[in-house]
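With chain V's structure known, arrange chain Z on it following the hints.
2 protein chains.
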Amino acid sequence: MIQKLTSDERLQQLAKLNRWESVAERDAIRRTFEFADFNEAFGFMTRVAIKAQQMDHHPEWFNAYNKVDITLSTHEANGVTERDIALAAFIDSITV
Amino acid sequence: MIQKLTSDERLQQLAKLNRWESVAERDAIRRTFEFADFNEAFGFMTRVAIKAQQMDHHPEWFNAYNKVDITLSTHEANGVTERDIALAAFIDSITV
Numbered sequence: 007m008i009q010k011l012t013s014d015e016r017l018q019q020l021a022k023l024n025r026w027e028s029v030a031e032r033d034a035i036r037r038t039f040e041f042a043d044f045n046e047a048f049g050f051m052t053r054v055a056i057k058a059q060q061m062d063h064h065p066e067w068f069n070a071y072n073k074v075d076i077t078l079s080t081h082e083a084n085g086v087t088e089r090d091i092a093l094a095a096f097i098d099s100i101t102v
Numbered sequence: 007m008i009q010k011l012t013s014d015e016r017l018q019q020l021a022k023l024n025r026w027e028s029v030a031e032r033d034a035i036r037r038t039f040e041f042a043d044f045n046e047a048f049g050f051m052t053r054v055a056i057k058a059q060q061m062d063h064h065p066e067w068f069n070a071y072n073k074v075d076i077t078l079s080t081h082e083a084n085g086v087t088e089r090d091i092a093l094a095a096f097i098d099s100i101t102v
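As given, the protein sequences belong to chains V and Z, one line each in that order. The opening position of the first sequence corresponds to residue 7 in the numbering used here, with each subsequent residue numbered one higher. The opening position of the second sequence corresponds to residue 7 in the numbering used here, with each subsequent residue numbered one higher.
This is chain V alone, in the form it adopts within the complex (with noise of 0.2 Å):
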């Protein structure tokens, strides 16, 4: 079974990522991200979409209009994971 990361390990990792932060009230991060328009945003969505499913890990996110905002967690550790810091890495390498 996966196990969370400890606080350390997390922050090491955050580190490395493109603001990317800790939720206060739950054992996750999070990003928003803003596109031009809708096109844009789901067309994002939809690359992100297609590796989550590869890596069979999803994201929890909202999308309104050209925002999206994306809650990763792991609820089989009940908190963040390598798994969350892969899927991350990859959001973050198909934006700016």
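Keep in mind the hints are simulated off the structure, nothing from the lab. Some hints could be false.
[Claimed, not checked] PhoX-like cross-link-like pairs, simulated, lysine-lysine; straight-line CA separation at most 20 Å:
#1 Z:K10 to Z:K22
#2 V:K57 to Z:K73
#3 V:K10 to V:K22
#4 Z:K57 to V:K73
Quick look at chain Z alone, frame taken from chain V:
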């Protein structure tokens, strides 16, 4: 400029839709959906996204794995309009 529906009009329209309900804290309608898995949920979202773009009227929505929570409101009218009803009717037409 598009006008928001009156309370009576909205009730009449909601009665024709499938399990959409008024949101308590704001002037919007909402429905939640549950699918077999993420593939099915995101496939559904993609169909809605394409239709929304065609209508130039977009949902606010949240997805976590097999669940999708959709809120519809017309920003320009600060409330629920016939555009929301039309998008809700399309969404109903592609779901059970």
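### Message
Let me make sure I understand: some of the numbered hints might not hold for this structure. Which ones are they, in numerical order?
### Response
none
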